[in-house]
Amino acid sequence: MRSVVLKEHVQFCFQVLISRLNDTTPPQPTFPNDSYPLFVTWHKKTQNDDLQLRGCIGNFNPMPLQTGLSKYALISALEDPRFPPITLSEIPLLTCAVSLLTDFEKAKDYLDWEVGTHGIWIEFIQTNGKRETATYLPEVMIEQNWTKKQAIRSLLKKGNYTGEITENYCLNSIILTRYQSQKLEEALSITK
1 MRSVVLKEHV QFCFQVLISR LNDTTPPQPT FPNDSYPLFV TWHKKTQNDD LQLRGCIGNF
61 NPMPLQTGLS KYALISALED PRFPPITLSE IPLLTCAVSL LTDFEKAKDY LDWEVGTHGI
121 WIEFIQTNGK RETATYLPEV MIEQNWTKKQ AIRSLLKKGN YTGEITENYC LNSIILTRYQ
181 SQKLEEALSI TK
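Residue numbers for the sequence shown, in UniProt numbering: 1 to 192.
Calculated directly from the structure, the hints in this document are not laboratory data. Glycine included, every Cβ here is placed at the ideal spot set by N, Cα and C. Be a bit skeptical, because a hint or two may be false.
Claimed, not checked - Simulated restraints on C-beta separations:
| id | residue 1 | residue 2 | range |
| --- | --- | --- | --- |
| 1 | Ile142 | Val4 | 30 to 40 Å |
| 2 | Thr24 | Asn48 | 27 to 37 Å |
| 3 | Lys130 | Asp23 | 32 to 42 Å |
| 4 | Thr162 | Thr46 | 28 to 38 Å |
| 5 | Lys108 | Ser154 | 19 to 29 Å |
| 6 | Thr30 | Asp109 | 40 to 50 Å |
| 7 | Glu139 | Asp23 | 25 to 35 Å |
| 8 | Thr24 | Gln150 | 26 to 36 Å |
| 9 | Gln47 | Glu164 | 38 to 48 Å |
| 10 | Ile165 | Asn59 | 24 to 34 Å |
| 11 | Arg131 | Thr25 | 36 to 46 Å |
| 12 | Arg131 | Pro81 | 17 to 27 Å |
| 13 | Asn128 | Asn172 | 12 to 22 Å |
| 14 | Gly163 | Thr30 | 48 to 58 Å |
What the hints assert, rightly or not - Here are the simulated DSS-like cross-link-like pairs (lysine-lysine), alpha carbons at most 30 Å apart as the crow flies:
| id | residue 1 | residue 2 |
| --- | --- | --- |
| 15 | Lys7 | Lys149 |
| 16 | Lys149 | Lys130 |
| 17 | Lys157 | Lys44 |
| 18 | Lys130 | Lys44 |
| 19 | Lys157 | Lys108 |
| 20 | Lys130 | Lys148 |
| 21 | Lys149 | Lys71 |
| 22 | Lys45 | Lys148 |
| 23 | Lys44 | Lys7 |
| 24 | Lys157 | Lys183 |
| 25 | Lys108 | Lys44 |
| 26 | Lys108 | Lys148 |
| 27 | Lys183 | Lys106 |
| 28 | Lys106 | Lys149 |
| 29 | Lys106 | Lys157 |
| 30 | Lys7 | Lys71 |
| 31 | Lys183 | Lys71 |
Please build the complete structure, drawing on both the sequences and the hints.
Structure follows, in C-alpha coordinates:
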(Lines of atoms letter the chains of each structure in order from A and count residues from 1; the text may use other names and numbers.)
(Lines give C-alpha, C1' and ligand atoms only; values in the text may rest on other atoms or scores of the structure.)
Protein backbone atom coordinates (compact mmCIF):
# COMPACT_ATOMS: atom_id res chain seq x y z
CA MET A 1 0.00 0.00 0.00
CA ARG A 2 1.40 3.42 -0.97
CA SER A 3 1.23 6.02 1.77
CA VAL A 4 -0.46 9.37 1.44
CA VAL A 5 0.11 11.99 4.12
CA LEU A 6 -2.98 14.12 4.45
CA LYS A 7 -3.33 17.66 5.76
CA GLU A 8 -5.67 16.09 8.31
CA HIS A 9 -2.76 14.01 9.71
CA VAL A 10 -0.64 17.10 10.38
CA GLN A 11 -3.50 19.12 11.84
CA PHE A 12 -4.45 16.18 14.08
CA CYS A 13 -0.91 16.22 15.54
CA PHE A 14 -1.31 19.92 16.37
CA GLN A 15 -4.71 19.31 18.00
CA VAL A 16 -3.34 16.42 20.09
CA LEU A 17 -0.47 18.58 21.35
CA ILE A 18 -2.70 21.58 22.07
CA SER A 19 -5.16 19.34 23.94
CA ARG A 20 -2.36 17.96 26.10
CA LEU A 21 -0.95 21.42 26.85
CA ASN A 22 -4.43 22.72 27.74
CA ASP A 23 -5.32 19.54 29.66
CA THR A 24 -8.43 18.97 27.54
CA THR A 25 -9.83 15.92 25.77
CA PRO A 26 -7.94 15.18 22.53
CA PRO A 27 -9.84 15.17 19.24
CA GLN A 28 -11.19 11.99 17.67
CA PRO A 29 -9.52 11.34 14.31
CA THR A 30 -11.67 10.72 11.26
CA PHE A 31 -9.01 9.64 8.75
CA PRO A 32 -8.45 5.97 7.82
CA ASN A 33 -6.53 3.96 10.39
CA ASP A 34 -4.02 2.26 8.06
CA SER A 35 -0.73 1.11 9.61
CA TYR A 36 2.67 2.61 8.77
CA PRO A 37 6.05 3.22 10.33
CA LEU A 38 5.99 6.97 10.97
CA PHE A 39 7.83 10.01 12.32
CA VAL A 40 6.48 13.29 13.63
CA THR A 41 8.79 16.30 13.38
CA TRP A 42 8.33 19.76 14.90
CA HIS A 43 10.13 22.86 13.62
CA LYS A 44 10.07 26.35 15.09
CA LYS A 45 10.26 29.45 12.88
CA THR A 46 13.15 31.74 13.80
CA GLN A 47 13.20 35.53 13.42
CA ASN A 48 14.75 35.02 9.94
CA ASP A 49 11.86 32.65 9.01
CA ASP A 50 14.28 29.70 9.05
CA LEU A 51 13.01 26.46 10.51
CA GLN A 52 14.85 25.14 13.55
CA LEU A 53 14.38 21.53 14.65
CA ARG A 54 12.31 21.35 17.82
CA GLY A 55 11.65 17.61 18.07
CA CYS A 56 11.60 14.50 15.90
CA ILE A 57 10.76 10.98 17.02
CA GLY A 58 9.08 8.05 15.35
CA ASN A 59 8.91 4.32 15.02
CA PHE A 60 9.93 1.78 12.37
CA ASN A 61 7.24 -0.70 13.37
CA PRO A 62 4.00 -0.21 11.45
CA MET A 63 1.28 1.08 13.73
CA PRO A 64 -2.28 2.32 13.16
CA LEU A 65 -2.14 5.98 12.12
CA GLN A 66 -4.65 7.20 14.69
CA THR A 67 -2.67 5.74 17.59
CA GLY A 68 0.77 6.38 16.08
CA LEU A 69 0.22 10.02 15.22
CA SER A 70 -1.31 10.73 18.62
CA LYS A 71 1.56 9.01 20.43
CA TYR A 72 4.45 10.45 18.42
CA ALA A 73 3.01 13.97 18.19
CA LEU A 74 3.36 14.09 21.98
CA ILE A 75 6.62 12.18 22.36
CA SER A 76 8.41 14.27 19.73
CA ALA A 77 7.04 17.54 21.17
CA LEU A 78 7.46 16.82 24.86
CA GLU A 79 10.03 14.04 25.29
CA ASP A 80 12.76 14.45 22.65
CA PRO A 81 15.83 14.41 24.93
CA ARG A 82 17.64 16.96 22.73
CA PHE A 83 15.13 19.75 23.49
CA PRO A 84 13.02 21.14 26.33
CA PRO A 85 9.29 20.34 26.01
CA ILE A 86 7.32 22.51 23.60
CA THR A 87 5.13 25.09 25.33
CA LEU A 88 1.72 26.46 24.41
CA SER A 89 3.25 29.87 23.61
CA GLU A 90 5.37 28.26 20.86
CA ILE A 91 2.41 26.80 18.92
CA PRO A 92 1.98 29.82 16.56
CA LEU A 93 5.66 29.53 15.58
CA LEU A 94 5.62 25.79 14.87
CA THR A 95 5.31 23.63 11.81
CA CYS A 96 4.61 19.93 12.05
CA ALA A 97 5.73 17.29 9.58
CA VAL A 98 4.30 13.81 9.32
CA SER A 99 6.45 11.25 7.51
CA LEU A 100 4.99 7.87 6.60
CA LEU A 101 7.76 5.40 5.77
CA THR A 102 7.61 2.85 2.95
CA ASP A 103 9.70 0.67 0.66
CA PHE A 104 12.20 -0.73 3.18
CA GLU A 105 15.13 -2.56 1.55
CA LYS A 106 18.35 -4.04 2.90
CA ALA A 107 21.24 -2.30 1.13
CA LYS A 108 24.21 -4.18 -0.36
CA ASP A 109 26.59 -1.93 1.60
CA TYR A 110 26.67 1.41 3.43
CA LEU A 111 26.73 3.39 0.15
CA ASP A 112 23.86 1.55 -1.58
CA TRP A 113 21.29 4.38 -1.38
CA GLU A 114 20.51 7.68 -3.10
CA VAL A 115 20.61 11.14 -1.53
CA GLY A 116 17.20 12.76 -1.96
CA THR A 117 15.41 9.44 -2.47
CA HIS A 118 16.18 7.31 0.56
CA GLY A 119 16.17 7.64 4.28
CA ILE A 120 18.79 5.47 5.94
CA TRP A 121 18.71 3.35 9.05
CA ILE A 122 22.02 1.89 10.17
CA GLU A 123 22.90 -0.83 12.63
CA PHE A 124 26.45 -0.92 13.95
CA ILE A 125 28.52 -2.42 16.74
CA GLN A 126 29.66 0.00 19.44
CA THR A 127 33.24 -0.27 20.71
CA ASN A 128 31.88 -2.05 23.82
CA GLY A 129 30.27 -4.71 21.59
CA LYS A 130 26.72 -3.39 21.96
CA ARG A 131 24.56 -3.17 18.81
CA GLU A 132 23.25 0.36 18.14
CA THR A 133 21.01 1.96 15.52
CA ALA A 134 20.46 5.46 14.13
CA THR A 135 18.44 6.95 11.28
CA TYR A 136 18.02 10.02 9.11
CA LEU A 137 14.84 10.69 7.16
CA PRO A 138 15.35 11.29 3.40
CA GLU A 139 15.22 15.09 3.59
CA VAL A 140 18.03 15.41 6.16
CA MET A 141 20.86 14.75 3.70
CA ILE A 142 19.50 17.35 1.28
CA GLU A 143 18.95 19.95 4.03
CA GLN A 144 22.52 19.44 5.26
CA ASN A 145 24.01 19.21 1.74
CA TRP A 146 25.83 15.99 2.69
CA THR A 147 27.47 13.38 0.53
CA LYS A 148 26.70 9.75 1.33
CA LYS A 149 29.90 9.36 3.36
CA GLN A 150 29.27 12.60 5.29
CA ALA A 151 25.77 11.41 6.13
CA ILE A 152 27.03 8.03 7.37
CA ARG A 153 29.73 9.63 9.54
CA SER A 154 27.17 12.04 11.00
CA LEU A 155 24.74 9.20 11.60
CA LEU A 156 27.39 7.23 13.49
CA LYS A 157 27.98 10.27 15.69
CA LYS A 158 24.22 10.66 16.19
CA GLY A 159 24.16 7.04 17.31
CA ASN A 160 26.94 7.84 19.82
CA TYR A 161 29.57 5.71 18.12
CA THR A 162 32.73 6.26 20.17
CA GLY A 163 35.35 4.46 18.11
CA GLU A 164 37.49 5.53 15.22
CA ILE A 165 35.55 5.64 11.96
CA THR A 166 37.60 3.67 9.44
CA GLU A 167 36.69 2.03 6.14
CA ASN A 168 37.73 -1.47 7.21
CA TYR A 169 36.60 -1.67 10.82
CA CYS A 170 33.55 0.52 11.10
CA LEU A 171 32.09 1.52 7.75
CA ASN A 172 32.18 -1.94 6.18
CA SER A 173 30.50 -3.48 9.24
CA ILE A 174 27.42 -1.22 9.00
CA ILE A 175 24.14 -2.90 8.11
CA LEU A 176 22.11 -0.31 6.21
CA THR A 177 18.40 -0.36 5.46
CA ARG A 178 17.14 2.23 3.01
CA TYR A 179 13.57 3.43 2.87
CA GLN A 180 11.39 6.12 1.34
CA SER A 181 9.05 8.60 2.92
CA GLN A 182 5.84 10.40 2.09
CA LYS A 183 5.97 13.72 3.98
CA LEU A 184 3.79 16.78 4.53
CA GLU A 185 4.77 19.75 6.68
CA GLU A 186 2.68 22.79 7.54
CA ALA A 187 1.72 25.23 10.26
CA LEU A 188 -1.45 25.08 12.34
CA SER A 189 -4.57 25.89 10.33
CA ILE A 190 -6.95 28.18 12.15
CA THR A 191 -10.55 27.28 11.41
CA LYS A 192 -13.55 29.29 12.56
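Mind checking the hinted window 25 to 35 Å against the Cβ distance between glutamate 139 and aspartate 23?
-> holds (33 Å)
Quick one: are lysine 108 and serine 154 within 19 to 29 Å, going by C-beta?
-> Since the Cβ atoms of lysine 108 and serine 154 sit about 21 Å apart, the hinted range of 19 to 29 Å holds.
Check the following: the C-beta atoms of asparagine 128 and asparagine 172 are separated by a distance inside 12 to 22 Å.
-> At 19 Å between Cβs, range holds.
Hey, lysine 106 versus lysine 157, does the alpha-carbon distance stay inside 30 Å?
-> holds (21 Å)
Given pair status - lysine 106, lysine 183, alpha carbons within 30 Å = Given pair lysine 183, lysine 106 holds - Cα atoms ~22 Å apart, limit 30 Å.
CA of lysine 130 to CA of lysine 148, is that 30 Å or under?
-> holds (24 Å)
Do the beta carbons of glutamine 47 and glutamate 164 sit within 38 to 48 Å of each other?
-> Cβ of glutamine 47 to Cβ of glutamate 164: about 40 Å, so the range 38 to 48 Å holds.
Straight-line alpha-carbon gap lysine 45 to lysine 148, limit 30 Å | holds (28 Å)
Satisfaction of hint between lysine 148 and lysine 108, Cα-Cα up to 30 Å = Distance ~14 Å between lysine 108 and lysine 148 Cα, so the pair holds.
Take a quick look at whether lysine 7 and lysine 149 sit within 30 Å of each other, Cα to Cα.
-> Roughly 34 Å separates the two Cα atoms, so the pair is violated.
Status of the given 17 to 27 Å range, CB of proline 81 versus CB of arginine 131 = holds (20 Å)
Look at the Cβ atoms of arginine 131 and threonine 25 and judge whether their distance stays inside 36 to 46 Å.
-> holds (41 Å)
In terms of the numbered hints stated before, the structure departs from hints 1, 8, 15, 18, 21, 25, listed from lowest to highest.
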